[in-house]
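Asks: Now that you have both chains on their own, put them together as the hints suggest.
Protein sequence lines, in the order shown, are assigned to chains A and B. If you want the working numbering, it's the position in the first sequence, counting the first as 1, plus 65. If you want the working numbering, it's the position in the second sequence, counting the first as 1, plus 100.
Please keep in mind that the hints were generated in silico from the structure rather than gathered at the bench. No residue lacks a Cβ here, since even glycine has one placed at the ideal position from N, Cα and C. Among the hints, erroneous ones may be present.
[What the hints assert, rightly or not] Stretch-level coverage of chain A by chain B, calculated; a stretch enters the list once three of its residues show a Cβ under 8 angstroms from a Cβ in chain B:
hint : segment
1    : 66-77
2    : 94-105
[Unchecked claim] Some chain A residues judged to face chain B by a derived CB distance under 10 angstroms, without partners named:
hint : residue
3    : V109
4    : G110
5    : Q123
6    : R127
[Stated by the list, open to error] Here are the simulated SDA-like cross-link-like pairs (lysine to any residue), alpha carbons at most 20 angstroms apart as the crow flies:
hint : chain 1 : residue 1 : chain 2 : residue 2
7    : B       : K228      : A       : L74
8    : B       : K404      : A       : I72
9    : B       : K363      : A       : P98
10   : B       : K233      : A       : T75
11   : A       : K103      : B       : K363
12   : B       : K322      : A       : I72
13   : B       : K102      : B       : F123
14   : B       : K326      : B       : E402
15   : B       : K322      : A       : T75
16   : B       : K322      : A       : I81
17   : A       : K103      : B       : E402
18   : B       : K228      : A       : I72
19   : B       : K363      : B       : A398
In case you want the letters, here they are:
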Amino acid sequence: MCNLVPIALTVGANRIVPTISIPYPLGDPDTPPEEQWKLRYHRVGVALDALATDISEQTVFRVKV
Amino acid sequence: MKKGIHYVNQFFGQIDGEESADFEPVIREGLVGPATALNETLADVTITHTIICGDNYMGSNTEEALKRISDFLRDKDFDIFFAGPAFRAGRYGIACGNVCQMVQEQFNVPVVTSMNDENPGVEMFRQKMYILKGGKSAADMRKDIKAMAQLGQKLAKGEPIGSAQDEGYFGRGERHQTLLDPPIPAADRVVDMLLKKLNNQPFQTELPIPEADRVPIAPAVKDLSKATIAFVTSGGIVPADNPDRIQSASATKWGRYNISQYKDRLPAGEYKTIHAGYDPAAANEDPNRIFPLDALRAYEREGKFGKLHEYYYATVGTGTTQGEAARMGREISEYLHEANVDAVILVST
Numbered sequence: 066m067c068n069l070v071p072i073a074l075t076v077g078a079n080r081i082v083p084t085i086s087i088p089y090p091l092g093d094p095d096t097p098p099e100e101q102w103k104l105r106y107h108r109v110g111v112a113l114d115a116l117a118t119d120i121s122e123q124t125v126f127r128v129k130v
Numbered sequence: 101m102k103k104g105i106h107y108v109n110q111f112f113g114q115i116d117g118e119e120s121a122d123f124e125p126v127i128r129e130g131l132v133g134p135a136t137a138l139n140e141t142l143a144d145v146t147i148t149h150t151i152i153c154g155d156n157y158m159g160s161n162t163e164e165a166l167k168r169i170s171d172f173l174r175d176k177d178f179d180i181f182f183a184g185p186a187f188r189a190g191r192y193g194i195a196c197g198n199v200c201q202m203v204q205e206q207f208n209v210p211v212v213t214s215m216n217d218e219n220p221g222v223e224m225f226r227q228k229m230y231i232l233k234g235g236k237s238a239a240d241m242r243k244d245i246k247a248m249a250q251l252g253q254k255l256a257k258g259e260p261i262g263s264a265q266d267e268g269y270f271g272r273g274e275r276h277q278t279l280l281d282p283p284i285p286a287a288d289r290v291v292d293m294l295l296k297k298l299n300n301q302p303f304q305t306e307l308p309i310p311e312a313d314r315v316p317i318a319p320a321v322k323d324l325s326k327a328t329i330a331f332v333t334s335g336g337i338v339p340a341d342n343p344d345r346i347q348s349a350s351a352t353k354w355g356r357y358n359i360s361q362y363k364d365r366l367p368a369g370e371y372k373t374i375h376a377g378y379d380p381a382a383a384n385e386d387p388n389r390i391f392p393l394d395a396l397r398a399y400e401r402e403g404k405f406g407k408l409h410e411y412y413y414a415t416v417g418t419g420t421t422q423g424e425a426a427r428m429g430r431e432i433s434e435y436l437h438e439a440n441v442d443a444v445i446l447v448s449t
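Bound-form chain B, shown alone (with noise of 0.2 angstroms):
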């Protein structure tokens, strides 16, 4: 029987909800969450421990997080390392891809992992590990795990693993030799295509190139002292009303505000956080922690900048689909054009 460890964050691992993101790591023998359906997935994998760890202890202390996990598994014996599945959560994604990272080098064992295609975890790990095409929510947990035991039971018994469209997983950018049956040479394979594409003809071609998404760097601001700044985040900063109803997660709304009243700084109270991602005590106690206004008008003040726009925008960056937060940046430039606002500063959180 071969042996696996599993990693969930805070909200799998059953420590709270959102309160509870900043959980420091810890290693618990058995099965916790996700863990126990996995085990039972698994016929020739035993899961021994379950490491939990809240996404924003992670977030923000990444180095010391994966230390003590990489303390944790140095005298435990493990053949196959778990993370997630993730879903659309995109810092519980990051934090999947992070550790798994650190376990196959540090390691040398191999991961398995489990995210959607809107998680931003994809891109920045898909080259390094195995990560499954996941599902949206934890709707999908039940699909999910079967995947990742079926991947992770033959990694972990040293089988051959097939192409990233038979197995499933985001494809990692590498190629392998593989026999075509019937064997058609290149050089044939190529003509058909071609004479499919002239024929406008569906055809798969043998290597597809990623699509990059790349926004052109915009010039610089010539003279800051003549510009019009304005201010956007995704940290869910709004009148403590929240009168345009924004969601607190998975976000399809956006909110403007008018901050021309404001002269020095932005008042608590008035102003508060709705974003369910990460704990707003700090953002209520001081929303200039989030929305620097107090920064900002002391720089107009000086004249470093011409002026600030006289509103603000904001939604909340939490489940939110890159789909969603591309179109409602497209609507916010928008208002930005028409108010001729010369560069944007967007904090997120």
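Same shape as in the complex, but just chain A (with noise of 0.2 angstroms):
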């Protein structure tokens, strides 16, 4: 999970779920609690799919929050 995702590709990682900075990767202080864990929540749970999933290229998976 991470933020600059050309430097995941770049270094080999093959399962790659983006997070939104590098600071706070996984909550935007600026944002309520809520939204937070939402995004957290979300992000965590496709990075959790991810390591379920046969992939044949390096793949980065889609977030929708």
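Replies: Structure, rendered in structure tokens:
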């Protein structure tokens, strides 16, 4: 899970889930706590699903929140 | 006299260290930081402006930052564009690469930057531009600036550029014809090489194949509901007293911390980041923004996965060399194997 997806691709990470920034990958302090929770819960869920997904090449998984 | 413009980050732009990494792009008339030395070294080029942008701002808002820099340049007249040197600073290197690429594409002006071979920017951009082989740290500033001036001067004046080896830049994967002196036909050269190879003598290939360092794709976890998941981060989240004294930059150490007592979330105050490469305010206010223990515990309770491994693993990923990072990864994975961890979530900052 990372913000700089191009770096993750360059260094060879295979399952990549985007986060929202460098200092706060999973919760923007300028948003209400509920919104941060929603984002974090969603993206961690995407990461868990990614671990259970078979892939044949480097894959950036899609996030909706 | 040709004209050049120089891009530097917040640190070298003298904006004030890492706290200012979110500094938004500005253009200054004249010379700031390394632009002064560069300008002195250039015989036939004058640096007219310095552009400064924070590395984190560039990393998190790349499109917007590039658009603003492009707007700065729109009414400027310049023959060559310099960025860096970025040494081993990963985000700075990538910023230099992104800015140079934009300048090449939108202004059709040659660009020069400089990075150390451990900088991830090298692999990302070497095929697209001249990246000189630079030093590890700012101690090499003088040498790197001199190399940038030499190559930049040639580019600005449209002089022919020699091979990667002769000029000191990272090979771009391009091939050019050259005339050999003395002229030895290819068939003779290849047989010479073969004979040397058969006799175990050293020989120099004419077609180096870049080494690919790819990690094979791990198979999917078959049954998540029974899986043990571990958490690893390069974001520097550690117990507040940093018991293992992990370095805040260029880390060579990592830590392993038991989290089984935290059933809901990682408590602020007891955990914090020691990472010197980003503003720690958001992470210290709520470390779950980096280590999403609250979300992992929620999924664990729901039964989406079996259980969270009782330890998490942390180091700092700024200035950390790829070699050290690979070693730490191997060491951590020994513990993960021993604990029968099925899969890992890694958050980087």
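Asks: Each of the hints needs a verdict: does it hold here or not?
Replies: Here is what the structure says about each hint:
Look at the segment 66-77 of chain A against chain B: 10 of its residues bring a Cβ nearer than 8 angstroms to a Cβ of that chain, three or more, so the hint holds. Against chain B, the segment 94-105 of chain A contributes 4 residues with a C-beta closer than 8 angstroms to a partner C-beta. That satisfies the three-residue criterion, and the hint holds. At its closest, the beta carbon of A/V109 sits 4 angstroms from a beta carbon of chain B; the interface hint therefore holds under the 10 angstroms criterion. At about 7 angstroms, the closest approach between the beta carbon of A/G110 and any beta carbon in chain B falls short of 10 angstroms, and the interface hint on this residue holds.
With 10 angstroms as the threshold, the beta carbon of A/Q123 comes within range of chain B, its nearest partner Cβ sitting at about 8 angstroms, so the hint holds. A least Cβ separation of about 17 angstroms between A/R127 and chain B goes past the 10 angstroms threshold, and the interface hint is therefore violated. Proximity of B/K228 to A/L74 is assessed by CA-CA distance (about 17 angstroms); at most 20 angstroms being required, the pair is judged to hold. Between B/K404 and A/I72 the alpha-carbon distance is near 29 angstroms, which puts this suggested pair outside the 20 angstroms criterion.
Of the supplied pair hints, the one linking B/K363 and A/P98 holds, its CA atoms being roughly 19 angstroms apart against a limit of 20 angstroms. About 19 angstroms separates the Cα atoms of B/K233 and A/T75, which keeps this hinted pair within 20 angstroms; it holds. Simply put, A/K103 and B/K363 have alpha-carbon atoms about 19 angstroms apart, close enough for the 20 angstroms limit, and the pair holds. For the suggested pair B/K322 and A/I72, the alpha carbons sit about 28 angstroms apart, so the restraint of at most 20 angstroms is broken.
For a cut-off of 20 angstroms, the pair hint linking B/K102 to B/F123 is broken: about 30 angstroms separates their Cα positions. Pair hint B/K326 plus B/E402 holds up; C-alpha atoms about 12 angstroms apart against a cutoff of 20 angstroms. Using a Cα cut-off of 20 angstroms, the hinted pair B/K322 and A/T75 is violated, with the two alpha carbons roughly 27 angstroms apart. Restraint check: the Cα-Cα separation between B/K322 and A/I81 comes to about 19 angstroms, which is no more than 20 angstroms; the hinted pair holds.
Distance restraint check for A/K103 and B/E402: the Cα-Cα separation of roughly 16 angstroms lies within the 20 angstroms cut-off, and the hinted pair is therefore satisfied. Of the pairs offered as hints, the one joining B/K228 and A/I72 holds, with about 16 angstroms between alpha carbons and a cut-off of 20 angstroms not exceeded. The suggested pairing of B/K363 with B/A398 holds, with an alpha-carbon distance near 9 angstroms, which does not exceed 20 angstroms.
Violated hints for the displayed structure, listed by number in ascending order: 6, 8, 12, 13, 15.
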